[in-house]
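Please take these sequences and the hints and turn them into a complete structure.
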Amino acid sequence: MEEWFDAKLQKNEMIEPKDWMPDNYRKHLIRQISQHAHSEIIGMLPEGNWITRAPSLRAKIVLMAKVQDEGGHGLYLYTAAETLGTSREEVLDALHTGKAKYSSIFNYPTLTWADIGMVGWLVDGAAIMNQVMLQRTSYGPYSRAMVRICKEESFHQRQGYESVCHLAFGTPEQKAMAQDALNRWWWPTLMMFGPTDDKSPNSAQAIKWKIKRESNDQLRQRFVNQTVSQAEYLGLTIPDPDLKWNEERQAYDFGTPNWDEFAAVVAGNGPCNKERLAARVKAHNEGEWVRAAATAYALKKNEVMSAA
Amino acid sequence: MSNNDTQGTLWEVFLQRKPGQPFVHCGSLHAFDKEMALQNARDLYTRRGEGTAIWVVPSTAIVSSSPEDLGPFFEPANDKVYRHPTFYQIPDAVKHM
Amino acid sequence: MNKQEALFSYTLRLADNGLILSQRLAAWTGHGPFLEEDLALTNIALDILGQAKSLLEYAGQVEGKGRSEDDLAFLRGEREFYNTQLVEQPNGDYAKTIARQYFVDVFDFHFYTALANSKDETLAGIAAKSIKEITYHVRHSGSWMLRFGGGTEESKQRLQDAVNDLWRYTGEQFEMNEVDALLIKEGIAVDMTAVKAAWDKQVINILNEASITTPLVAVMQTGSRQGKHTEHLGYILAEMQYLPRVIPGAKW
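Protein chains in written order, with our numbering: chain A, 1 to 308; chain B, 309 to 405; chain C, 406 to 657.
The set of hints was computed from the structure by calculation and includes no laboratory data.
From a predicted model like this one, the values you see are computed outputs, not experimental measurements.
The hints are all genuine.
Cut-off 35 Å, straight-line C-alpha distance, at most; resulting in silico cross-link-like pairs (DSBU-like, lysine-lysine):
(1) K282/A x K501/C
(2) K606/C x K300/A
(3) K151/A x K326/B
(4) K501/C x K101/A
(5) K470/C x K175/A
(6) K342/B x K300/A
(7) K300/A x K501/C
(8) K342/B x K534/C
(9) K342/B x K18/A
(10) K301/A x K326/B
(11) K301/A x K606/C
(12) K534/C x K408/C
(13) K601/C x K300/A
(14) K326/B x K403/B
(15) K342/B x K606/C
(16) K27/A x K342/B
(17) K601/C x K534/C
(18) K561/C x K300/A
(19) K537/C x K300/A
(20) K537/C x K151/A
(21) K8/A x K388/B
(22) K301/A x K601/C
(23) K342/B x K151/A
(24) K501/C x K301/A
(25) K561/C x K342/B
(26) K274/A x K501/C
(27) K342/B x K537/C
(28) K274/A x K561/C
(29) K388/B x K18/A
(30) K244/A x K656/C
(31) K342/B x K99/A
(32) K282/A x K561/C
(33) K99/A x K501/C
(34) K342/B x K282/A
Anything over 10 Å on all C-beta distances counts as not near chain B; from chain A, calculated:
(35) R26
(36) R31
(37) W50
(38) R58
(39) T112
(40) R136
For glycine and all other residues, C-beta sits at the position ideal for the given N, C-alpha and C.
Below you can see the structure in the form of structure tokens.
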């Protein structure tokens, strides 16, 4: 069986839910897909935070649509995780009890309106690099979810950059707001790609299984390369004194993120870890009677489908 | 569905993109009843005008073939070339066929 | 008051209902009772905000003083808003949000159906487009009314409490003043008498079906047609408007 599985991967064929797969492959996928789903759902919070304060009607509509998309993406991913034999309730329970992780970037606060633009431009920009790669991931349902997600995500980064443009080319207060937000979001965004390759053992295995197709450092480098000119266009300064073009490598050299801070946020001690989780738990708990009512109503209507 | 599962049940969604076209599976969702499944499918999978009609089916109602069926189910069809129009030779002079 | 002033006032009234209600609904995004419903309610909020935006744009044109939809949304004070007090009521629990929504949805359905025949082409056009969205909104909130009424004891009680709380704000929707009188003569505005009859019938039907007692309210709250609101509106505007007021004249 193992040989059959390896041969399938070798031929770049997708693994499907009913196919035999090594236990560790399944476990790795459940962890990665549910983490990815949680990140989308938790990711609704820092941006949702600004919906009621968006400074124009257009900005409000766009932000609502974007936050809603993220919820949809979380949902596509939860259903992909379910094909591996884990229920929605189980993965949510893991999130709510703090057992499951999600992307640390969402544990940073959105302090000003400029943060919303920055999240779109930088955070979504970084996420897209990862997601584009995952369209070719080896597990079929995950890959199909990612194809759909990438199609929908394509407006998110553009929306963010457009918003930052308004600020960077706006009043002096607006430009200062944008620079301040860039200063706060730059390093956390670089850390989104995860630890450096030599410190990321899971990552190597994921590449072997073709769940991941590129390493953390490769993706991080590509992100820096493409983002520098976008910042230059805006007249904003990336807060890294070591950032400079390396002619030999045909790539930017850049400084080292604060990995101690990264470790602290991952361990639950970031600025908003507690608030983010508390908000999800509250929504889940306050929704309990709603779900119970819907269940009871379906029972009375004789509509409950028997589970196989 | 375990007793303490409060997330409803899993449904599969099939969308028809344009009238006359076949319904194609586009994803899954959770819902508690048929009407909700239909509404949720609309709200989730047609936000960008992707559909003109929807089917929702409880996941448990779907019967699927197994990976081990691959050979016996599908390979026998591979050598039935006579089912395809190109198998037959028609003189070039004959048109509209 | 001339026809133009009346039309401005009338259009603002419709726009403000949508603007304030969508502001309330938007607060649920990311906090819904389960994921699918979170997304469904946000869709509805987006529809309603889209309607409000079109109406504000038109109000600005009618007024003719160069005010954009954003100027009208973000730079008017508490006494210059004309939405009903119903839409500014807090979200409360999901039963309250759904009851408020159902009351508004049914009103909008009958109101916009009639407005689609308005002699004002812009209003008629916005109404015709909105009616498709609203038909879906009624279906969504209506099915939740039945689920709560027919679900558990708790959900039924919560819905009953919500209906009791909100009922006194429902009468205002049908009020008519000199604006309506003038515009009805012009064939532009909708006569609320028929809307009220249709609303009463449909709402009382669903309350019966959901085994909810229709409240008896001696006095309906009033005032929004004169820009008098509940205390909630001031907070809504403070949150919604603060940024454009902090940096005046900025583009976003």
